[in-house]
Amino acid sequence: AAEAAGARDREAVARAEAAAATARTEADASAREAARARSSLEATKRAAAEAAAEEEKKAEQLRMHAAVAFTPLGQLVTGRAKFAFEGNGAYGTLELYNAAQPDATPPALRQLAQHYRDLFCNSGRGDLAVPQGDGTVVVPQARNKYAGELSRIVLVKNELLENAFTTGLLLNERARTVGAAGGMHNPPNPDEFELEKEAVRSVLKSKMKYGELLGFEKASVIPTFHGCSHEAADAICSSGMANAADAVQNGIFFGGGLYTSTSGEYGGGYARSQDDGGFVEPGVGGLNPRPGNPNGEHVVLMQLANIGRAYVGTRIRDYPKNGNVISERNPDHRSFLHSESHLQRAAAVDQGVLPANYFEDVTAGYDSRYFICNEVVGYQAVNLLGPTGKRSDPTLPAAYDELILKESNQLCPQALFYIKRPPGGTGPSW
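Residue numbers (our numbering): 47 to 476.
If you are wondering where the hints come from, they were derived from the structure by calculation, not from laboratory data.
Glycine residues also receive a C-beta, built at the ideal position from the N, C-alpha and C atoms.
Some hints here could point you the wrong way.
To be verified - Each pair of labels, with its calculated beta carbon distance range: (1) 97 - 178: 38 to 46 Å; (2) 186 - 93: 49 to 57 Å; (3) 101 - 60: 41 to 49 Å; (4) 161 - 182: 21 to 29 Å; (5) 322 - 133: 35 to 43 Å; (6) 320 - 186: 42 to 50 Å; (7) 132 - 178: 40 to 48 Å; (8) 213 - 147: 32 to 40 Å; (9) 439 - 284: 38 to 46 Å; (10) 47 - 75: 16 to 24 Å; (11) 176 - 205: 36 to 44 Å.
Stated by the list, open to error - Listed next, the in silico DSS-like pairs over lysine-lysine satisfying Cα-Cα at most 30 Å (straight line): (12) 255 - 191; (13) 436 - 251; (14) 466 - 191; (15) 264 - 253; (16) 253 - 466; (17) 251 - 264; (18) 191 - 264; (19) 251 - 191; (20) 367 - 251; (21) 367 - 436.
Sequences are here, hints too, so could you generate the full structure?
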């Protein structure tokens, strides 16, 4: 009886242990299942959060693109198909603004018209450069002295030139974002961190427009102005600009290329002869090289510029005798890049001041050149951080600039600004 009772007790213990083991197994399975459920829930939450973040990113991109599409450059370059340009020739035109009929501008285009008026009217003569704490400088700009003479703004559309320009921008964008190693697409300037060069470079960067063209984040554009005759404006709008090296003129200041400026006032000066208050000297026999059209208007062409790899010019690097000579009677006042500076350039190479391939490197190794100039020194370059010339000479305002492009597809005609001197000598003020 005792043995039977002991056996029953052992069976009971065994059953209890088996039940406990089963319970533990089931508990472990439940725990694992709960852990899997928690893990799955966390993964689901993470996936949902990532999906939400991705959707928000896409929404932000759409909002950004929508905003970009409504920027002035975005409207003009990427949305030009909706504008009804007229003309059966090489390019079409659309009158955006007429001072005689300001209310005639369609409501949909009035914001764009205001932008273009501001672009021209606010691009006057530069003042003394103001150094900033980070090594850059700011150049305050006055009102364009031709602002009161602005009579019309006419948009220009040439599909062939636009396609060539856009292709160049695409290649520039790709070069700066895909496979560019060691700055191969952005070669350093000589004297890369020289203070004057950095100051001039900061002014150039301040002119660049980023993020105003859909699809372009690295490639930048700069609105530029070019004053010329009506015939030249028509030729440029038809087939692009001509290289200054092929033009008949009194010297090429900063090497061959396509000469433009970010200053509307500077462009306005080249739209008129000296007899009309402009810069251009009278022609042979006293003929006016910049006659007005039948309405008495002169023209300034506005183009977008794709500067690509830019060379920044300074007096200390690009002028004989460290830029100390400012007298126009002395040939040393001209830059080494001037078309009449062969002897000065050769002497500088012999003296070890310039490398033997300086001219080729600067004119062919970069897509553009940028110089800041002033009429006091014959429209040659000026120093921004100190005297131009000798130490006893004054610091000069950064009055105007010259942006020289290498290829015609780096420029795209956008608008014609017509200026006309009113009978009373004043015009509308913006």
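So, going through the hints one by one against the coordinates:
Residue 97 and residue 178 have their C-beta atoms about 44 Å apart, which keeps the hinted 38 to 46 Å range intact. For the hinted restraint 49 to 57 Å between residue 186 and residue 93, the CB-CB distance of approximately 54 Å keeps it satisfied. Taking 41 to 49 Å as the suggested C-beta distance range, the pair residue 101 and residue 60 does not conform, at roughly 60 Å. In this structure the supplied range 21 to 29 Å holds for residue 161 paired with residue 182, their Cβ-Cβ distance being about 26 Å.
The hinted window of 35 to 43 Å between residue 322 and residue 133 is violated, with their beta carbons roughly 28 Å apart. Remark: the range hint 42 to 50 Å for residue 320 to residue 186 is contradicted by a beta-carbon distance near 27 Å. Distance hint for residue 132 and residue 178: a CB-CB separation of about 46 Å, consistent with the stated range 40 to 48 Å. Checked against the hint of 32 to 40 Å, the C-beta distance between residue 213 and residue 147 comes to roughly 38 Å, which is consistent with it.
About 45 Å separates the C-beta atoms of residue 439 and residue 284, a value consistent with the hinted range of 38 to 46 Å. At roughly 42 Å, the beta-carbon separation of residue 47 and residue 75 lies outside the given 16 to 24 Å, and the hint is violated. About 42 Å separates the C-beta atoms of residue 176 and residue 205, a value consistent with the hinted range of 36 to 44 Å. Distance hint between residue 255 and residue 191 is fulfilled; the C-alpha atoms sit about 24 Å from each other, no more than 30 Å.
A distance of roughly 28 Å separates the Cα atoms of residue 436 and residue 251; the hinted pair therefore holds under the 30 Å criterion. For the hint pairing residue 466 with residue 191, the CA-to-CA distance comes to about 12 Å; that is within 30 Å, so the pair holds. With a C-alpha separation of about 15 Å, the suggested pair residue 264 and residue 253 falls inside the 30 Å cut-off, and the hint holds. Our distance criterion of 30 Å between C-alpha atoms is met by residue 253 and residue 466, whose separation comes to about 27 Å.
The suggested pairing of residue 251 with residue 264 holds, with an alpha-carbon distance near 13 Å, which does not exceed 30 Å. Proposed proximity of residue 191 and residue 264 is contradicted: the alpha carbons are some 34 Å apart, above 30 Å. Between residue 251 and residue 191 the CA atoms are separated by roughly 24 Å; this keeps the pair inside 30 Å, and the hint holds. This hinted pair checks out: residue 367 and residue 251 have alpha carbons roughly 28 Å apart, not beyond 30 Å.
Taken as a hint, the residue 367 and residue 436 pair is honoured in the structure, with Cα atoms around 10 Å apart against an allowance of 30 Å.
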